[in-house]
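Undergrad: Protein sequence lines, in the order shown, are assigned to chains A and B. For the first sequence, the positions run 0 to 402 when numbering that gives the first Met the number 0 is used. For the second sequence, the positions run 0 to 348 when numbering that gives the first Met the number 0 is used.
Warning: the hint list may mix true and false statements.
[As the list claims (entries may be wrong)] Now the in silico label distances, taken between C-beta atoms and shown as ranges: (1) Ser87(B) x Cys303(A): 26 to 34 Å; (2) Gly251(B) x Asp350(A): 51 to 59 Å; (3) Pro308(A) x Phe261(B): 49 to 57 Å; (4) Ser32(B) x Ala111(A): 18 to 26 Å; (5) Asp124(B) x Ala228(A): 51 to 59 Å; (6) Pro355(A) x Arg237(B): 50 to 58 Å; (7) Ser57(A) x Thr256(B): 52 to 60 Å; (8) Asp90(B) x Asp350(A): 34 to 42 Å; (9) Glu289(B) x Lys32(A): 53 to 61 Å; (10) Pro49(A) x Ser126(B): 35 to 43 Å; (11) Asp15(A) x Gly251(B): 29 to 37 Å; (12) Asn76(A) x Ala39(B): 54 to 62 Å.
[Said to hold, decoys possible] 20 Å max Cα-Cα, derived DMTMM-like pairs, lysine to aspartate or glutamate: (13) Lys37(B) x Asp108(A); (14) Lys37(B) x Glu107(A); (15) Lys296(A) x Glu363(A).
Hints listed in this document are in silico derivations from the structure and should not be mistaken for laboratory results. Note that beta-carbon positions come from the ideal geometry of N, C-alpha and C, so glycine has one too.
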Amino acid sequence: MVTGVGVVSPYGVGLDCLQEGMLAGQCCLAATKDVYPGFAGTTAAVCGLPLPANGADSRYSRSDRMAMVAARDAVRNFDCESTALGESGVFMASTVAGLSEIDPGIAEDPAAWYGRGGLARAASYPAAHVAEAVGEHLGIRGPRCAISAACASSAMAIALAANMLLDGAATMMLAGGSDALCPFTLSGFSSLQALDPEPCRPFDQHRKGLNLGEGAAVLVLETLAAAVARNAGVLAVLRGWAMTNDAFHSTAPQTQGNGLADCMRLGMEMAEVSGDEIGYVNAHGTGTPLNDVAESKAYETVFCERRRPIPVSSTKSYFGHCLGAAGALEAAITIVAARCGALLPTLRLTDPIESPSVEWLRGEVRREALPLAMSVSAGFGGSNSALIFARGFGDGEFRSDRS
Amino acid sequence: MTANLAAITGIGSVSPYGPIAGLIPPCAVEPESITTWKTAGLRRAFLVKPFRPADVVPGLKTRRLDRLSAWALVASSLAIQDAGIDMSRVDRSRVAVVFGTGFGCAELTEAFFESAAANGWSGTDPSPFPEGLANAPASHVALWHGLRGPNITVGSKGFAGESALLQAASLLRHGQADLAIVLAGDTLTRAVYEWYEAAGLLSPACHNAELLPETGGFVPSEGVVALVLEPAGRREARTYAHFISGRCAAGGNAVETIRQMFGGAVPGLTICAGNGAPCAASFTSALAREISGPSVDIVPAQAVAAGLADAGAFLHLIFALSSRPRSGQVLLLGTSGDGGFAALLLELP
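With the hints as extra help, turn the sequences into a complete structure.
TA: Laid out in structure tokens, this is it:
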């Protein structure tokens, strides 16, 4: 059961402002010049990030702080007297983690750089630090795990946290991801010529690349018994999940999308649903030439026998690619879609890739009941992940006691 | 007793002992002087001696890879060889790779910073960027062996290796994989070494060749260990140990949690204590004594495994298995150094 969702996005803090902004078609991508000298491009930044308690401490990176704020937001309705949170576990994803706090001076003379105040900042470098920061912030004493699997990381964190619930490692897990914008990743993607200098156009024939964004999302996952025991609201049910690898290339996806197709099939098998029952797919849809073609082929493979084309959109067109946080943010958006019965369009999609089994959502938000929706992620290194969510209990009411 | 258990059937490692398939013969290894970068005075660590990966695994090309990726490729190949598995006869869509690391590909991450220092952020060299991602080693293992199952790179303060083994066992238990290559490792770079030094974590033995590595602090180490984990029962498999259960937590009552793993009473047992966070050996040994009764053997960590910090568990496990523990059950204990702990219960065949 998903009983809480916390979000830090370029729309602000909270699922409600994300939902409001996206349903209004608001795009957060903006021209950016000040990340480092010589950079001119398009990004989506989180403005006015509130400082969590103790968050000013230099041992916390921006990724840590966003994760702490998102995690606090996810548990905002918790009973302060409850021991459930302290006994829960954390599974957080990050690819940037503390890299945002390190500058090229470390390469010239590490000891001198540490002496100039870098020692504490560098301590936030390991991906595990994000999970530690969340755990410390909320007083969580259960397992604190981290994953770094490029852009599929946080979807995989949710999948692995769900495995841990089934294993009895905890009765509640906070799972998600957090990644900050920083010169390291902007320069890296720029050097690979993967960035579109203009706002990205996922799945468009004229797409030129991706835009980077930043943010964090944390889902509260718990067993049905635990949710009922604490009278928790159920926002969504995680019905199925799967992870695969392309084993094809370090950075390029398998050209026919075979690994991603296998992943979606395994997720649907676990959820015991057919392709006809999935009402919407929140795509990985980065806007890069190779990814979007491979991904559309994966949809052709999986959904070719559907009675009508599968509705698909990429919400990276709203606030860019948040790397290790993308999977969790898109899981949150998929939950919003199911909760509101709202199929979000891809922005700026005017000339879509030809794909007969896919209905590329564009233009206005379409309203229809959405009992089941899937969120798909992929990343460098060939990682793929699929998460299948069912709408929460009740129509419009999300309290398990009223279902 | 072994029904539904996962078995460790293959071991491969690249460590200061060199690239080795199977257990590492018990013998001491001395810290070496660092020559890779210019140091003011003596600096010592347990280092992997340079070798050509293609000499160990024919055909392997590792020129552009981080050493962590290259070592992961060698260690995984040795572990598969040790397990006697013919990968061409395995459904590789059902094979997972789970890698535990503290720092990931630190070498190429530093190379990317060097490139930015030399040319500015707008003139960086693209090649170290994707190869510096933490999941590059696991993805190269998948690519080389054609493994299309879940590919996961995990970290956990003090026990990345234990965390990797727990996740791999979970994938097998839930039918998300039929076989897993589980790895743990880190490389020692100048930035990592000098961070340890600036944080005051190092043993005086790092700066004085007359002192033993166990003299306070720790002597950093590097390497990658790979294990083959599969459901128990493959007829031709040689089993090193069965994985029974495991727990990790950031706090709480470790003794109570570990006793629960045994269902109350702790039987005759060998506890391998001391892996995990640097300087935590005494904490773990104290925990081991509290858990145990008089019929328990405690195997302290070897310095070379303790020096691998977060990723040292599997090296420690190899040493523990090489020491031929007398009891049927082995508890591998790790600690984060601040109250967190990991406990893996293994049964010897």
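Undergrad: Take the hints in turn and mark each one as holding or not.
TA: Hint check:
For Ser87(B) and Cys303(A), the Cβ-Cβ distance of about 31 Å falls inside the hinted range of 26 to 34 Å, so the restraint holds. Separated by about 57 Å at the C-beta atoms, Gly251(B) and Asp350(A) satisfy the suggested range of 51 to 59 Å. For the hinted restraint 49 to 57 Å between Pro308(A) and Phe261(B), the CB-CB distance of approximately 56 Å keeps it satisfied. Between Ser32(B) and Ala111(A), the C-beta spacing of about 22 Å keeps the proposed range 18 to 26 Å intact.
Taking the beta carbon of each, Asp124(B) and Ala228(A) are about 55 Å apart, inside 51 to 59 Å as hinted. Evaluation of the 50 to 58 Å hint for Pro355(A) and Arg237(B) yields a pass: the beta carbon distance comes to about 52 Å. A hinted range of 52 to 60 Å for the beta carbons of Ser57(A) and Thr256(B) is inconsistent with their spacing of about 33 Å. Between Asp90(B) and Asp350(A) the beta carbons are some 40 Å apart, a value that agrees with the proposed interval 34 to 42 Å.
The hinted range of 53 to 61 Å is satisfied by Glu289(B) and Lys32(A), whose Cβ atoms lie roughly 59 Å apart. Under the hint 35 to 43 Å, the C-beta atoms of Pro49(A) and Ser126(B), about 39 Å apart, fit the expected range. A beta carbon spacing of about 34 Å between Asp15(A) and Gly251(B) agrees with the range 29 to 37 Å that was offered as a hint. Taken as a hint, the range 54 to 62 Å holds for the pair Asn76(A) and Ala39(B), whose Cβ atoms sit roughly 56 Å apart.
Simply put, Lys37(B) and Asp108(A) have alpha-carbon atoms about 11 Å apart, close enough for the 20 Å limit, and the pair holds. Between Lys37(B) and Glu107(A) the alpha-carbon distance is near 12 Å, which keeps this suggested pair within the 20 Å criterion. A threshold of 20 Å between alpha carbons decides the hint, and for Lys296(A) with Glu363(A) the separation of about 25 Å lies outside it, so the pair is violated.
In this structure, the hints that do not hold are numbers 7 and 15, in rising order.
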